[in-house]
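Colleague: Spelled out from the first residue to the last, the chains are:
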Amino acid sequence: MNPGPTNARIGYIAFNTFREAVRDRVLYNLIAFALLLSGAAIIVGEISIDIERLVVVNLGLTAVSLFGVVIAIFIGIGLVSKEIDKRTLYTVLSRPVRRWEFVLGKFLGLTGTLVVNTFFMAIGVFLALLYVADKFEKMDLWVLVALYFIVLQFLIVCALALFFSSFSTPLMSAVFTFALFVIGSLAEDMRGFARTTHGVAGWLATAIAYLVPNFSALNVISQVAHGDPVPGRLILYNTVYALLYSAMAISGAVLIFQRRNLK
Amino acid sequence: MKMSAAGRVNLVAAAVLLFSMAGAVATLYVIDNDDQVRRGAVAQDALYVSSSTTLRRMSLGYTGLLADIYWTRAVQYFGQQHHADSGDFRLLAPLLEITTELDPKLLPAYQFGANFLAPKPPGGAGLPGAALELIKYGVEHNPDHWQLYYNLGFLYYTEFKDYAKAADAFRRGAKLPVTSEFMPILAAQMAQHAGEFDTARMLWMTTYQSTKEARIRQNAVEHLVALQVDEEVTQLEQVVAKYRELKGRLPGSMSDLERAGFIHGTPADPKGHAYKLMPDGRIEVQDPKEIYFITKGLPPGALPPQPPREPQPKTDSK
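Chains as they are written, first to last, in the working numbering: chain A, 79 to 341; chain B, 174 to 491.
If you're looking for bench data, these hints aren't it; they were derived computationally from the structure.
Be careful, since some hints might not be right.
A few chain A residues that don't get close to chain B, going by computed Cβ distances all over 12 Å [unchecked claim]:
hint : residue
1    : N85
2    : A86
3    : Y90
4    : R97
5    : R103
6    : N136
7    : G202
8    : R273
9    : W281
10   : I286
11   : Y315
12   : M326
Listed below are the simulated EDC-like cross-link pairs for lysine to aspartate or glutamate, each with C-alpha atoms no more than 16 Å apart in a straight line [claimed, not checked]:
hint : chain 1 : residue 1 : chain 2 : residue 2
13   : B       : K385      : A       : E124
14   : B       : K449      : B       : D429
15   : B       : K444      : B       : D460
16   : B       : K278      : A       : D306
Away from chain B, derived, C-beta distances all over 12 Å, residues of chain A [unchecked claim]:
hint : residue
17   : I109
18   : E161
19   : S263
Beta carbons: idealized from backbone N, C-alpha and C, even for Gly.
Build the full structure now, drawing on both the sequences and the hints.
Modeller: Here it is in structure tokens:
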């Protein structure tokens, strides 16, 4: 490995993580996605009424999101442990690569994989939209915003998977990350519960409601399916939130990984 | 040529795979087509989760897709019950309620859902009250869509004969920035000419123009044809009455009316069949079974003919 500057080292680890994911046939999920979406686009006109476009957007974006989350969790939890098991981590760290660079590189590699995956899926969604509606409309642009929010969602899930995998077994990391994904998807309910609870329990509920990742704000699929615009402020807030939350989880992962005894 | 051990295993595994797959499909086919086995075990007739709040939580926020699934399920349920001539539509209203609570902006569920719920069987489920609740919920959550006010007014007009409320719904819809050109006219006409042919014609025309759904459009066309027949029969019977007034007797045939200058040529229904003048002065259509929904021109005591069953509701929007 070429020692080089920090950025180059992180980029190298990220690129290798991406290459490894591709070698692990992660992008094969695109075939399943293409079959799912094209099947739905063709069949829904026959079995339902007047919701062809809605189904393409709802099903397409939901599949992009869930496929991505599953990939993020199952690859994210193995990013560190696999390197330890295969003993490749020692080779990497024996070179002038700092531990935090390794963690950050892994994170960027996985998110890069998911961005590429999402890019191809997005092409699939728009092709299916073209098939059912014959032409694009202005409101289809909001689908891009929903896709952007899904990528932000991946940032958080990848960061969480990496965080848990920095101190836990792959199985437990998967359980923790998936549990946080479920809880985070119900974040609005949690905040509603916190508002109706008083005293210490209220404080505790509020603290938990604000600490768990808020995936519900990142889910605008239903909204864009109807062509409703997404406020610019929400795009800004979600971007800031996702970056901060990911940074928080990655920092946690770095802190733990720095102290971890790898001998 | 001698086959290797691995080759034999592959061959046997492939044969077993194909055989078991064919067997599983065949068994499922037998189960599907055996009424005795299937009795009481049809998933379509069960609503496993009836709370939209629970479903919303279970969906982890992906409510749009779940609403689409429930809407498709409602369409399939209605189609199957309608096709089977079951008359039992007890799951239709809950399915539509869940659909619209999961996605309150799913307009087709209101528009077509009300069309499934309101009409009397065999055309629909005969649940106008549920249809009204559904449309009201739709208006509440989509106050900017004129079509829902139109559906509301239409429902009051056709099912409840409440012309004042129908007029109010059309008036509210007419005030929206984007609305049908017919809405202000309907609002105005509803108050004074609610029972007249022109008003009904305009309603069905608006229905025809505001949907791409083949079944609804066909229904609107059939109602427009029926309205034409009802109007023509009414006019012809008025002519017969005038003839009687003038001559002191009923006309013996359409030719009598023509000779007296009341009509030109032999009047025919939209299907091209001449109207029949009955001995008692009534006008009847040649074949009542051919023209659905007519209320006039029928033999005494005959009910308005209904269209035959359709296989499944289907869209032509693609």
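Colleague: If a hint holds in the structure, say so; if it does not, say that too.
Modeller: Results for each hint:
no.	hint	verdict
1	N85	holds, 36 Å
2	A86	holds, 39 Å
3	Y90	holds, 36 Å
4	R97	holds, 32 Å
5	R103	holds, 22 Å
6	N136	violated, 4 Å
7	G202	holds, 16 Å
8	R273	holds, 17 Å
9	W281	holds, 24 Å
10	I286	holds, 17 Å
11	Y315	holds, 17 Å
12	M326	holds, 22 Å
13	B:K385 - A:E124	holds, 14 Å
14	B:K449 - B:D429	holds, 13 Å
15	B:K444 - B:D460	holds, 10 Å
16	B:K278 - A:D306	holds, 10 Å
17	I109	holds, 21 Å
18	E161	holds, 31 Å
19	S263	violated, 4 Å
Figure legend: structure checked against the earlier numbered hints; hints not met, in rising order: 6 and 19.
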